[in-house]
Amino acid sequence: MALSKIKHVRAFTVRGGGADYHDQGDGHWIDDHIATPMARYPEYRQSRQSFGINVLGTLVVELEAEDGTVGFAVTTGGEPAAYIVEKHLSRFLVGRSPAEYEKIWDQMYFSTQYYGRKGLVVNAISGVDLALWDLLGKLRGEPVYHLLGGAVRDELQFYATGARPDVAKELGFIGGKLPLRHGPAEGVEGLHKNVAALADMRAKVGDDFWLMYDCWMSLDLDYATRLATACHELGLKWIEEPLSPDDYWGYADLRRNVPRGMLVTTGEHEATRWGFRMLLDMECADIVQPDIGWCGGVTELLKISALADARGKLVVPHGSSVYSYHFVITRHNSPFAEFLMMHPEATEVVQMFAPQLLGEPVPENGRMRVSALDRPGFGVELNPEITLHRPYSN
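Numbering (the working numbering), first residue to last: 23 to 416.
Mixed in with the good hints there might be a few duds.
Listed next, the in silico EDC-like pairs over lysine to aspartate or glutamate satisfying Cα-Cα at most 20 angstroms (straight line) [what the hints assert, rightly or not]: (1) K259 x E305; (2) K140 x E255; (3) K259 x E208; (4) K29 x D89; (5) K226 x D268.
No wet-lab data here; the hints were simulated from the structure.
Construct all of the structure, not just a fragment, from the sequences and the given hints.
Take a look at the structure:
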């Protein structure tokens, strides 16, 4: 049976009523003295928003079929990405079936290669691709995970990212990933504070609970090696994204240098099969962590996952709620998922994309049954109370 074809392409930004997780306002753990590449400058050390992490904002892509069915997705990129979607990418969508996602992705990527390849352009492509899969699922009356081959397990299990792994343990998560607070610019004193914070948390959670450090591209090779070595006896499970995402050689050296048994993970800010091929071929990481809203969407993540699986590597996507849940439940080499604690104090389980999305499932006791994902498409809807702004149109 022929599917209804795409008739309209719309790209919005969000104004008021909530933005993406880069813009949580004052007092949120996610913006409280976290080590970043800009922490070398004291004036940008306390808050990520001070150097502009929140300036792009949210991108919402809507694809409306001829029969009125609407598929949509939420990612980051704001007005610049909205321009790319409406003024460039839309030509590859109108009049096409969402089942042509492979050809559409190929045309979007190679038509923008001269000014894209990574970053903002691939964010825009990712938003379109996710909206395609949402539309395809709705037109077929199936959840996206069915379209990806079906669940390989009955439930998802999660680790939690946030400032309170001790609370995450009480809430049933299998581990907790802490934000690293102090980078190289804060010297040996900062390094000691990082180790002391991990020691304090280890005393609270005991020896059998995973603890990881999220370093958010903030370290150099020497500091990352010293941090890994100092934290080894405290049972640090992995050190995440410690170096610049372009420093493949540094990651390869770090992975060789960390204590035996400690994992090196990265990939949140990597994109496409070619970027991840570099990480994998150069033995940069034990776990790769693509963000499905930034790496190229579902269509590209399938290829990234296959590359990793062939090399015996795990794929644990960067926290992106339902968009990654539908993927992880279908992959043998994605045995667990990340849950980003968006509560300001990281002490309660709340929806990641609230208030933008309605129907967004959250873990219960650190688990999520596959039945929570059984609605068509990605199973969520846009909150009609959110103010959307369409800055460009064809």
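Structure-based check of each hint:
1. A distance of roughly 18 angstroms separates the Cα atoms of K259 and E305; the hinted pair therefore holds under the 20 angstroms criterion.
2. For the hint linking K140 to E255, the alpha-carbon distance of about 37 angstroms lies beyond 20 angstroms, and the restraint is violated.
3. With a C-alpha separation of about 24 angstroms, the suggested pairing of K259 with E208 is violated against the 20 angstroms cut-off.
4. Our distance criterion of 20 angstroms between C-alpha atoms is met by K29 and D89, whose separation comes to about 9 angstroms.
5. At roughly 36 angstroms between alpha-carbon atoms, K226 and D268 are farther apart than 20 angstroms, so this suggested pair is violated.
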